[in-house]
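447 is the number of the first residue of the sequence shown in my numbering; add one for each residue after it.
Read the hints as simulated data drawn from the structure, not as lab findings. Hints are not guaranteed to be accurate.
In silico lysine to any residue, SDA-like type, Cα no more than 20 Å apart, as pairs [said to hold, decoys possible]:
(1) Lys502 with Val518
(2) Lys571 with Leu637
(3) Lys510 with His500
(4) Lys694 with Gln649
(5) Lys655 with Val554
(6) Lys660 with Pro645
(7) Lys474 with Lys502
(8) Lys660 with Gly623
(9) Lys581 with Asn599
(10) Lys664 with Leu637
(11) Lys571 with Lys655
(12) Lys534 with Val518
(13) Lys510 with Arg520
(14) Lys698 with Pro645
(15) Lys655 with Asp667
Ranges of calculated distance between the beta carbons of each label pair, as one might list FRET restraints [stated by the list, open to error]:
(16) Lys681 with Glu656: 19 to 25 Å
(17) Asn680 with Asn599: 36 to 42 Å
(18) Ala501 with Glu695: 50 to 56 Å
Backbone N, C-alpha and C define an ideal beta-carbon position, used for all residues, glycine too.
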Amino acid sequence: MLIKQAIADEMETLQGTVADMLKGAIEKALNPLEKHLVENGNILRSLKEQADGHAKKFDTVFNKIDSIQVAVRRNEKETSLCIMEVTKMRRKLNELEDRSRMNNVRIVNLPTGVEGDDPRGYLQKMLHIWIPSIKSPNSNPLEIDRAHRIFYNNTSRLRTMVLKLLRYTDRQAILEGARKVRPTLQDGTQLLFFADYSPGTTQERQEYKEIRIKLRQKGIDSFIIYPSILRVNNKGTRMSFKSAEEAKEALKSTVLDMREDPGH
(Lines of atoms letter the chains of each structure in order from A and count residues from 1; the text may use other names and numbers.)
(Lines give C-alpha, C1' and ligand atoms only; values in the text may rest on other atoms or scores of the structure.)
Protein backbone atom coordinates (compact mmCIF):
# COMPACT_ATOMS: atom_id res chain seq x y z
CA MET A 1 0.00 0.00 0.00
CA LEU A 2 2.83 2.33 0.88
CA ILE A 3 4.60 1.42 -2.33
CA LYS A 4 1.59 2.29 -4.46
CA GLN A 5 1.24 5.57 -2.64
CA ALA A 6 4.92 6.35 -3.22
CA ILE A 7 4.65 5.53 -6.89
CA ALA A 8 1.58 7.71 -7.21
CA ASP A 9 3.38 10.58 -5.54
CA GLU A 10 6.38 10.14 -7.82
CA MET A 11 4.15 10.10 -10.90
CA GLU A 12 2.41 13.25 -9.76
CA THR A 13 5.75 14.93 -9.15
CA LEU A 14 7.02 13.76 -12.53
CA GLN A 15 3.94 15.03 -14.29
CA GLY A 16 4.32 18.41 -12.64
CA THR A 17 7.97 18.54 -13.58
CA VAL A 18 7.26 17.56 -17.18
CA ALA A 19 4.43 20.08 -17.36
CA ASP A 20 6.71 22.82 -16.04
CA MET A 21 9.41 21.82 -18.53
CA LEU A 22 6.94 21.82 -21.45
CA LYS A 23 5.51 25.16 -20.35
CA GLY A 24 8.98 26.66 -20.14
CA ALA A 25 9.99 25.21 -23.50
CA ILE A 26 6.80 26.48 -25.14
CA GLU A 27 7.21 29.93 -23.61
CA LYS A 28 10.83 29.99 -24.73
CA ALA A 29 9.80 29.03 -28.26
CA LEU A 30 6.89 31.49 -28.37
CA ASN A 31 8.78 34.51 -26.99
CA PRO A 32 10.68 35.18 -30.27
CA LEU A 33 7.47 34.72 -32.23
CA GLU A 34 5.67 37.20 -30.02
CA LYS A 35 8.59 39.58 -30.42
CA HIS A 36 8.49 39.19 -34.21
CA LEU A 37 4.73 39.68 -34.22
CA VAL A 38 5.12 42.89 -32.26
CA GLU A 39 7.87 44.07 -34.60
CA ASN A 40 5.85 43.11 -37.67
CA GLY A 41 2.85 44.90 -36.23
CA ASN A 42 4.95 48.01 -35.78
CA ILE A 43 6.24 47.68 -39.34
CA LEU A 44 2.73 47.24 -40.69
CA ARG A 45 1.53 50.28 -38.77
CA SER A 46 4.47 52.26 -40.13
CA LEU A 47 3.73 51.09 -43.68
CA LYS A 48 0.07 52.01 -43.25
CA GLU A 49 1.02 55.46 -42.02
CA GLN A 50 3.35 55.89 -45.01
CA ALA A 51 0.65 54.67 -47.40
CA ASP A 52 -1.84 57.10 -45.86
CA GLY A 53 0.71 59.89 -46.27
CA HIS A 54 1.32 58.99 -49.92
CA ALA A 55 -2.43 58.81 -50.53
CA LYS A 56 -2.82 62.34 -49.17
CA LYS A 57 0.05 63.51 -51.37
CA PHE A 58 -1.54 61.85 -54.40
CA ASP A 59 -4.83 63.56 -53.60
CA THR A 60 -2.98 66.88 -53.45
CA VAL A 61 -1.22 66.17 -56.76
CA PHE A 62 -4.46 65.14 -58.47
CA ASN A 63 -6.17 68.28 -57.19
CA LYS A 64 -3.31 70.36 -58.58
CA ILE A 65 -3.55 68.52 -61.91
CA ASP A 66 -7.28 69.25 -62.05
CA SER A 67 -6.58 72.91 -61.30
CA ILE A 68 -3.91 73.02 -64.00
CA GLN A 69 -6.24 71.41 -66.54
CA VAL A 70 -8.93 73.98 -65.75
CA ALA A 71 -6.36 76.77 -66.11
CA VAL A 72 -5.09 75.32 -69.41
CA ARG A 73 -8.61 75.13 -70.83
CA ARG A 74 -9.24 78.70 -69.73
CA ASN A 75 -5.95 79.82 -71.28
CA GLU A 76 -6.77 77.97 -74.51
CA LYS A 77 -10.09 79.78 -74.70
CA GLU A 78 -8.45 83.13 -73.97
CA THR A 79 -5.70 82.39 -76.51
CA SER A 80 -8.30 81.56 -79.16
CA LEU A 81 -10.08 84.83 -78.44
CA CYS A 82 -6.77 86.71 -78.66
CA ILE A 83 -5.95 85.03 -81.99
CA MET A 84 -9.37 86.00 -83.30
CA GLU A 85 -8.85 89.60 -82.20
CA VAL A 86 -5.35 89.70 -83.71
CA THR A 87 -6.74 88.29 -86.97
CA LYS A 88 -9.45 90.96 -87.01
CA MET A 89 -6.90 93.70 -86.35
CA ARG A 90 -4.59 92.33 -89.06
CA ARG A 91 -7.45 92.34 -91.55
CA LYS A 92 -8.36 95.90 -90.59
CA LEU A 93 -4.73 96.96 -91.07
CA ASN A 94 -4.63 95.18 -94.43
CA GLU A 95 -7.84 96.95 -95.42
CA LEU A 96 -6.43 100.34 -94.40
CA GLU A 97 -3.25 99.70 -96.37
CA ASP A 98 -5.25 98.45 -99.34
CA ARG A 99 -7.28 101.66 -99.27
CA SER A 100 -4.08 103.68 -99.39
CA ARG A 101 -3.04 101.66 -102.48
CA MET A 102 -6.41 101.63 -104.26
CA ASN A 103 -5.13 103.95 -107.03
CA ASN A 104 -1.91 101.96 -107.54
CA VAL A 105 -0.94 99.69 -110.44
CA ARG A 106 1.97 97.24 -110.57
CA ILE A 107 3.76 96.66 -113.87
CA VAL A 108 5.80 93.46 -114.17
CA ASN A 109 8.43 92.56 -116.83
CA LEU A 110 9.30 96.18 -117.64
CA PRO A 111 13.10 96.15 -118.22
CA THR A 112 15.06 97.98 -115.57
CA GLY A 113 16.30 101.41 -116.58
CA VAL A 114 14.09 102.03 -119.62
CA GLU A 115 12.35 104.82 -117.72
CA GLY A 116 15.59 106.72 -117.20
CA ASP A 117 15.46 109.37 -114.48
CA ASP A 118 11.79 110.20 -115.06
CA PRO A 119 9.61 107.08 -114.49
CA ARG A 120 6.48 109.21 -114.14
CA GLY A 121 7.00 110.96 -117.48
CA TYR A 122 7.98 107.70 -119.20
CA LEU A 123 4.81 105.92 -118.08
CA GLN A 124 2.65 108.96 -118.86
CA LYS A 125 3.85 108.63 -122.45
CA MET A 126 4.02 104.83 -122.88
CA LEU A 127 0.75 103.78 -121.21
CA HIS A 128 -1.24 105.29 -124.10
CA ILE A 129 0.87 103.26 -126.54
CA TRP A 130 0.63 99.99 -124.62
CA ILE A 131 -3.10 100.38 -123.88
CA PRO A 132 -4.74 102.50 -126.60
CA SER A 133 -8.19 102.26 -125.00
CA ILE A 134 -7.21 104.65 -122.21
CA LYS A 135 -6.58 107.40 -124.80
CA SER A 136 -10.23 108.16 -125.37
CA PRO A 137 -11.33 111.59 -126.67
CA ASN A 138 -14.10 111.64 -124.10
CA SER A 139 -11.90 110.72 -121.15
CA ASN A 140 -9.78 112.94 -118.92
CA PRO A 141 -6.01 112.88 -119.51
CA LEU A 142 -4.25 110.12 -117.57
CA GLU A 143 -2.61 111.66 -114.49
CA ILE A 144 0.13 109.87 -112.57
CA ASP A 145 0.97 111.14 -109.10
CA ARG A 146 4.27 109.26 -108.78
CA ALA A 147 6.06 106.10 -109.91
CA HIS A 148 8.92 104.01 -108.55
CA ARG A 149 10.43 100.54 -108.68
CA ILE A 150 10.28 98.02 -105.83
CA PHE A 151 13.62 97.08 -104.29
CA TYR A 152 14.66 93.40 -104.33
CA ASN A 153 17.70 91.83 -102.68
CA ASN A 154 18.07 89.64 -105.76
CA THR A 155 19.63 92.09 -108.24
CA SER A 156 19.10 89.73 -111.20
CA ARG A 157 15.33 89.91 -110.76
CA LEU A 158 13.39 92.51 -112.73
CA ARG A 159 12.14 95.15 -110.33
CA THR A 160 8.39 95.72 -110.43
CA MET A 161 7.25 99.24 -111.30
CA VAL A 162 4.53 100.76 -109.09
CA LEU A 163 2.61 103.83 -110.20
CA LYS A 164 0.08 105.83 -108.20
CA LEU A 165 -2.69 107.46 -110.21
CA LEU A 166 -4.71 110.47 -109.15
CA ARG A 167 -8.00 108.80 -110.02
CA TYR A 168 -9.33 105.33 -109.25
CA THR A 169 -11.13 105.28 -112.62
CA ASP A 170 -7.76 105.57 -114.39
CA ARG A 171 -6.47 102.60 -112.43
CA GLN A 172 -9.48 100.52 -113.48
CA ALA A 173 -9.13 101.64 -117.10
CA ILE A 174 -5.50 100.51 -117.17
CA LEU A 175 -6.24 97.10 -115.61
CA GLU A 176 -9.24 96.41 -117.84
CA GLY A 177 -7.45 97.62 -120.97
CA ALA A 178 -4.37 95.52 -120.20
CA ARG A 179 -6.52 92.39 -119.81
CA LYS A 180 -7.98 92.96 -123.27
CA VAL A 181 -4.88 93.85 -125.32
CA ARG A 182 -2.12 92.05 -123.34
CA PRO A 183 0.56 94.72 -123.99
CA THR A 184 3.94 93.54 -125.31
CA LEU A 185 7.31 95.20 -125.82
CA GLN A 186 9.21 95.24 -129.12
CA ASP A 187 11.17 92.12 -128.11
CA GLY A 188 7.91 90.21 -127.52
CA THR A 189 7.99 90.42 -123.72
CA GLN A 190 4.47 90.63 -122.32
CA LEU A 191 3.87 93.34 -119.75
CA LEU A 192 1.71 92.30 -116.81
CA PHE A 193 -0.50 94.78 -114.98
CA PHE A 194 -1.85 94.08 -111.49
CA ALA A 195 -3.68 95.90 -108.74
CA ASP A 196 -1.42 96.81 -105.81
CA TYR A 197 -2.42 95.29 -102.47
CA SER A 198 -0.92 95.04 -98.99
CA PRO A 199 1.42 92.06 -98.35
CA GLY A 200 -1.27 90.36 -96.24
CA THR A 201 -3.95 90.60 -98.91
CA THR A 202 -1.47 89.63 -101.63
CA GLN A 203 -0.51 86.49 -99.72
CA GLU A 204 -4.16 85.48 -99.27
CA ARG A 205 -4.82 85.95 -102.98
CA GLN A 206 -1.66 84.03 -103.91
CA GLU A 207 -2.99 80.95 -102.09
CA TYR A 208 -5.44 80.44 -104.98
CA LYS A 209 -2.63 80.26 -107.55
CA GLU A 210 -2.47 76.45 -107.83
CA ILE A 211 -6.25 76.13 -108.05
CA ARG A 212 -6.59 78.83 -110.70
CA ILE A 213 -3.87 77.22 -112.83
CA LYS A 214 -5.77 73.92 -112.80
CA LEU A 215 -9.04 75.69 -113.56
CA ARG A 216 -7.44 77.53 -116.48
CA GLN A 217 -6.07 74.24 -117.84
CA LYS A 218 -9.61 72.86 -117.86
CA GLY A 219 -10.99 75.96 -119.55
CA ILE A 220 -12.90 77.12 -116.47
CA ASP A 221 -13.13 80.84 -115.75
CA SER A 222 -12.17 82.11 -112.31
CA PHE A 223 -11.34 85.46 -110.77
CA ILE A 224 -10.67 86.92 -107.34
CA ILE A 225 -12.75 89.71 -105.88
CA TYR A 226 -11.54 91.90 -103.05
CA PRO A 227 -10.14 91.06 -100.66
CA SER A 228 -9.59 87.35 -101.35
CA ILE A 229 -12.78 85.62 -102.49
CA LEU A 230 -12.46 83.18 -105.39
CA ARG A 231 -15.29 83.17 -107.92
CA VAL A 232 -15.61 80.18 -110.28
CA ASN A 233 -17.95 79.95 -113.28
CA ASN A 234 -18.36 76.36 -114.46
CA LYS A 235 -21.01 75.48 -117.06
CA GLY A 236 -23.36 78.18 -115.86
CA THR A 237 -22.79 77.39 -112.19
CA ARG A 238 -21.26 80.15 -110.09
CA MET A 239 -19.37 79.29 -106.94
CA SER A 240 -17.63 81.46 -104.33
CA PHE A 241 -14.93 80.44 -101.86
CA LYS A 242 -13.39 82.37 -98.98
CA SER A 243 -10.21 80.27 -98.71
CA ALA A 244 -8.03 78.01 -100.83
CA GLU A 245 -8.75 75.08 -98.51
CA GLU A 246 -12.49 75.53 -98.95
CA ALA A 247 -12.11 75.70 -102.73
CA LYS A 248 -9.91 72.58 -102.88
CA GLU A 249 -12.33 70.59 -100.75
CA ALA A 250 -15.35 71.64 -102.81
CA LEU A 251 -13.77 71.21 -106.24
CA LYS A 252 -11.41 68.25 -105.86
CA SER A 253 -14.06 65.58 -106.48
CA THR A 254 -15.80 67.34 -109.37
CA VAL A 255 -13.63 69.84 -111.21
CA LEU A 256 -10.05 69.54 -109.98
CA ASP A 257 -7.68 66.62 -109.67
CA MET A 258 -6.22 67.64 -106.30
CA ARG A 259 -5.15 64.16 -105.17
CA GLU A 260 -1.96 63.92 -103.18
CA ASP A 261 1.18 62.51 -104.74
CA PRO A 262 1.34 58.75 -103.80
CA GLY A 263 5.01 59.18 -102.97
CA HIS A 264 4.16 61.51 -100.11
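Hints and how they fare:
1. Lys502 with Val518: With Cα atoms ~24 Å apart, Lys502 and Val518 exceed 20 Å; violated.
2. Lys571 with Leu637: With a Cα-Cα distance of about 16 Å, the restraint between Lys571 and Leu637 holds, given a limit of 20 Å.
3. Lys510 with His500: holds (15 Å)
4. Lys694 with Gln649: Distance of about 17 Å is within 20 Å: holds.
5. Lys655 with Val554: holds (17 Å)
6. Lys660 with Pro645: violated (24 Å)
7. Lys474 with Lys502: Outside the cut-off at roughly 43 Å; violated.
8. Lys660 with Gly623: It is violated: about 25 Å lies between the C-alpha atoms, which goes past 20 Å.
9. Lys581 with Asn599: Outside the cut-off at roughly 36 Å; violated.
10. Lys664 with Leu637: The hint is violated at about 25 Å.
11. Lys571 with Lys655: violated (33 Å)
12. Lys534 with Val518: violated (24 Å)
13. Lys510 with Arg520: Holds, at roughly 15 Å.
14. Lys698 with Pro645: violated (28 Å)
15. Lys655 with Asp667: holds (13 Å)
16. Lys681 with Glu656: 19 to 25 Å: Once the Cβ atoms are compared, 22 Å apart, the range 19 to 25 Å for Glu656 and Lys681 holds.
17. Asn680 with Asn599: 36 to 42 Å: holds (41 Å)
18. Ala501 with Glu695: 50 to 56 Å: Holds, at about 52 Å.
Violated hints, in rising order: 1, 6, 7, 8, 9, 10, 11, 12, 14; the structure is consistent with all others.
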